[in-house]
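Dock chain B against the given chain A, drawing on the hints supplied.
First to last, the protein sequences are chains A and B.
Residues 1 to 864 in the working numbering are what the first sequence lists, from first letter to last.
Residues 1 to 110 in the working numbering are what the second sequence lists, from first letter to last.
Just so you know, these hints were derived from the structure itself, not from any lab.
There are no misleading hints in this set.
What follows is a list of derived Cβ distance ranges for each label pair:
(1) A:Val80 x B:Gly22: 38 to 46 Å
(2) A:Val80 x B:Arg73: 28 to 36 Å
(3) A:Ala744 x B:Ala58: 56 to 64 Å
(4) B:Ala58 x A:Val346: 48 to 56 Å
(5) A:Leu437 x B:Glu88: 47 to 55 Å
(6) B:Arg73 x A:Leu377: 29 to 37 Å
(7) B:Ser67 x A:Val45: 22 to 30 Å
Cβ coordinates follow ideal geometry from the N, Cα and C atoms, glycine included.
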Amino acid sequence: MFASMLTRVRRLLQRRRVAREMDDELRFHVEMETRSNIERGVLPVEAHRLAIRDLGGFDQTKEAIRNVRATWVDSVWQDVRYAVRTLLRRRSVAVAAAGMLALGIGITTAMFTVVDALLLRPVPFREPDQLAFVYMGDEHGGHGAVAPAVLRAWRESAGFAGVEAAVPDTSLIEVDGTVVTQAIARVTPGLFDLLGGVRPIRGRLFDVSEVRAGVDDRVLLSEDVWRGLYQADPAIVGRSISIDGERLLVVGILPADFRFPSWNTVIWRAVDFEAPARSRPNVRPIVCVRFAPNVPRADALRIATDAARAADNTNAELRTIARPLAGVVLDPYYRRAMPLLAGGVVLVFLVLCANVSSLLLARMTTRQREFSMRSALGASRRRLIRQAFVESSVLGVLGVIGGLGIGWALVAFSRAFLPDTILLRTLNPLNIDLRALAVTSVSGSVATLAAGLLPAWLGTSVNMEQSLRVTDRGATETRTARAVMRTLLVGEIALACTLLVGATLLVRSFINLAHAERGLDADGVLMATMSLPASAFPYQSSRTTAARSIEEQIGGLAGVERVAWSYGLPPHAGAVSFGKWESDAPGTPAVDMIVDHYSVGPDFFGLFGVPLLRGRTFQWSDPRTEVVVGERLARALWPGLDPIGRSFSFQEQRFHVIGLAREIHFPSLDAALDRPQFYEPFGGVGNYAMMSVRCGGSCPNVALIRQRIVATYPAIHVEDVRALADVYFEQLAQPRAAAALGFAFAGIAMLAAAGGLFSLLSFAVSRRRREFGIRTALGASPVQIRQVVLRDGLVAALSGVAIGAVAAVLLTRTLASLEYRVAITDPVSWALVFGVLGSTTIAASWRPARQAMRVDPVTLLREE
Amino acid sequence: MPKTDYLQGALDLLILKTLALGPNHGWGIQQRIRQVSRETLSVSQGSLYPALHRLEAAGVLASEMTSSDNNRRARVYRLTAAGRRRLEAEAADWRQFSLAIRRLLQAEGS
Chain A
1 MFASMLTRVR RLLQRRRVAR EMDDELRFHV EMETRSNIER GVLPVEAHRL AIRDLGGFDQ
61 TKEAIRNVRA TWVDSVWQDV RYAVRTLLRR RSVAVAAAGM LALGIGITTA MFTVVDALLL
121 RPVPFREPDQ LAFVYMGDEH GGHGAVAPAV LRAWRESAGF AGVEAAVPDT SLIEVDGTVV
181 TQAIARVTPG LFDLLGGVRP IRGRLFDVSE VRAGVDDRVL LSEDVWRGLY QADPAIVGRS
241 ISIDGERLLV VGILPADFRF PSWNTVIWRA VDFEAPARSR PNVRPIVCVR FAPNVPRADA
301 LRIATDAARA ADNTNAELRT IARPLAGVVL DPYYRRAMPL LAGGVVLVFL VLCANVSSLL
361 LARMTTRQRE FSMRSALGAS RRRLIRQAFV ESSVLGVLGV IGGLGIGWAL VAFSRAFLPD
421 TILLRTLNPL NIDLRALAVT SVSGSVATLA AGLLPAWLGT SVNMEQSLRV TDRGATETRT
481 ARAVMRTLLV GEIALACTLL VGATLLVRSF INLAHAERGL DADGVLMATM SLPASAFPYQ
541 SSRTTAARSI EEQIGGLAGV ERVAWSYGLP PHAGAVSFGK WESDAPGTPA VDMIVDHYSV
601 GPDFFGLFGV PLLRGRTFQW SDPRTEVVVG ERLARALWPG LDPIGRSFSF QEQRFHVIGL
661 AREIHFPSLD AALDRPQFYE PFGGVGNYAM MSVRCGGSCP NVALIRQRIV ATYPAIHVED
721 VRALADVYFE QLAQPRAAAA LGFAFAGIAM LAAAGGLFSL LSFAVSRRRR EFGIRTALGA
781 SPVQIRQVVL RDGLVAALSG VAIGAVAAVL LTRTLASLEY RVAITDPVSW ALVFGVLGST
841 TIAASWRPAR QAMRVDPVTL LREE
Chain B
1 MPKTDYLQGA LDLLILKTLA LGPNHGWGIQ QRIRQVSRET LSVSQGSLYP ALHRLEAAGV
61 LASEMTSSDN NRRARVYRLT AAGRRRLEAE AADWRQFSLA IRRLLQAEGS
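So here's chain A without its partners, still in its complex pose (with noise of 0.2 Å):
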């Protein structure tokens, strides 16, 4: 069977020498019989003419030959050649059913792309689900950090085939004398083998012996940055390059695609968390094990907390905790988002499908003709089911050609373009892989399906009588394909006002947000976090002096105005008190609730651009106990009354208020982040310190910052430095991005459901000019002729717009995860919602009403 099919394709592709020979065949066959006849005394001329007629004609014997050859391959060959030649003569028709599927394959596999790499891929690791995290902890948690005997210990364990461990750290790269900040790892040099599968595209991967000798100079550095920063320059492997002020030996270049332990990680370092600690104590790593494959996992995880305890004793009370690689890093607006923006992406992806099928069933139905002659010289109804759907699988196939480009133009315009804090929270690399091709290819099939099958068993059922008469006398569309068309422009419709409604509420959450009260002015502060280990700063003394000689390195930068420390940082980053307040105004319940509390110096409210509405600010000689409170946290203990004077409790402890400041504010998504605060007097620095910089005009660079600290102090570790404006700005970048897909993906519905109502009128108005002429003729003014064509598309927009929006309400609990501040129920969105559908309806419906008003009688006759 598969060979004989083999022959037939072979043959197909030889069409041309199979035909050659064919002639040769019988051209001989003349010959010899002409020969023969000739022998037996036959002229010359008439025995050629004997020999062909005996033939019984030349063509008739080739074409029975031909009729003998012909297998379904060439029947189907020969409706493709057709398909290609119909879709050639119509070939705008043909360029806008393949632009919108290649536009709907193509979205589907962009986001198919995006969706897998955040959400359902396992990390891009071998074997992965025999890789895991482990901690001690129990069940309200535990630190995710392991001490080094505990490492040690576990890697004797028998319940684990490797344990490799990790620090992810932020580090300061110098190249030509600039300073940038990039996230690094410091790892045990195995690490890259536990994992499995990475390979460096320069150098080598860490040597283990080296290390466990005692070099830790050694780095790795991924593509990224190697590409970003040093240009891609292949001599960078075996120099040195600066990393926080020490000179480190680059190995090797891992692909970009490589992120681990943290997504943003793109330097790693060798070093032996074992060995005695040299320049930083107290260093715990995060452990990433492979499980021993023999072990069953509840006994391995025993084991190992065994053997944590017995090698620390604080874990004493502590289990083993396994917490799996994949997911490791997603933040929860993805797992809400994504999945509602896929089914968006599917959404749209109906709504293309629907207009394509439309689109080629009203073209089916002007053919009408062509088929019932066909079908009158002997086509079967199969044959001309078969002919029409091989058209639009020729289109599908160039959707899925153009989807394919589609797709991976979007997803690399999106790693290019998008923050990668938006776009690659994932350990898994974003690119188009073979299961994107394999969701390219179903979403192709599926389009073709949907957009082909449907205008091909409609558009070819050819009653005779009647096509006859529909060819005769141009008079109206069929009764079925005119309900099928309604039928898929009313879902069209539908489906492009449900993401109308959907991308409106979005869109208007995100501008909620932006614009939400914030409390501060936000533009122009740098926040540092650092740590000062009590090794080296073991007194209040030595912090203060150091804490006063950075604040006058930063304060000596261009731009700065003023530094101040505090403890806790706005607008989210307080210590956090949960429990009981009590306030002293007499009938008021304690009330249960969640305060940020920051320990603040007289600098800070000037300093972030707090007001403070009653009251005082502090002054240094403030005992403890006396507090400024926000407005939320005094409406709530003392609700209509003045604050200042008045004093609560909380957690044993009373505090007095001596002022009253403005309430800060963090809008979120995450309600939870957004909490009410009070300031107490500044005990001075710690061993973990906040710093907040206030600059005039042009901010310093973060990276300069940092670097000034540790230049200081190399004892120091700086935690973090970032803009106040880009915490808020983090908060809105996921919202923005989400409300900008859905925008554009209601967008891309809401034209092609306008298309679709312009293709349909048009359509039935060129079906039914005989009509409107008629009803010209007996009296009926163009006025009347236009209402009658808006009204058609009205009656269609009304019915689809109705029940989206009856779906919009049902699907919008789940959507109410990422509104903000606006509801289902909003009257502006709904006001939006309709104008923009209204009105693209008239702008759609328009032109077709126009040409059916232009409808003269008198030419129509002369055209008959």
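Leaving out everything else, chain B in the frame of chain A:
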């Protein structure tokens, strides 16, 4: 020259039997059938060539283009192994069929 109508199965059988004697081209097959049957059976070319191609597509015959004596290209057919089996089966069928016809005719004559 009397022309005899026959079933398609008979045409296949004639072709197969003729080719069992050796590879041949279309014209040769036609001549051969005419000679062997002493001019009783004549295959029209209009049905011979489609039949040849059909049998080839069915895998019973194989063919190749050859250059013949006067530099004309001819297609020469030969039996395949499947063709031999088919010939035996069809010949057996035919013998049975003609025996049945003969018996029927004899019964009528007596």
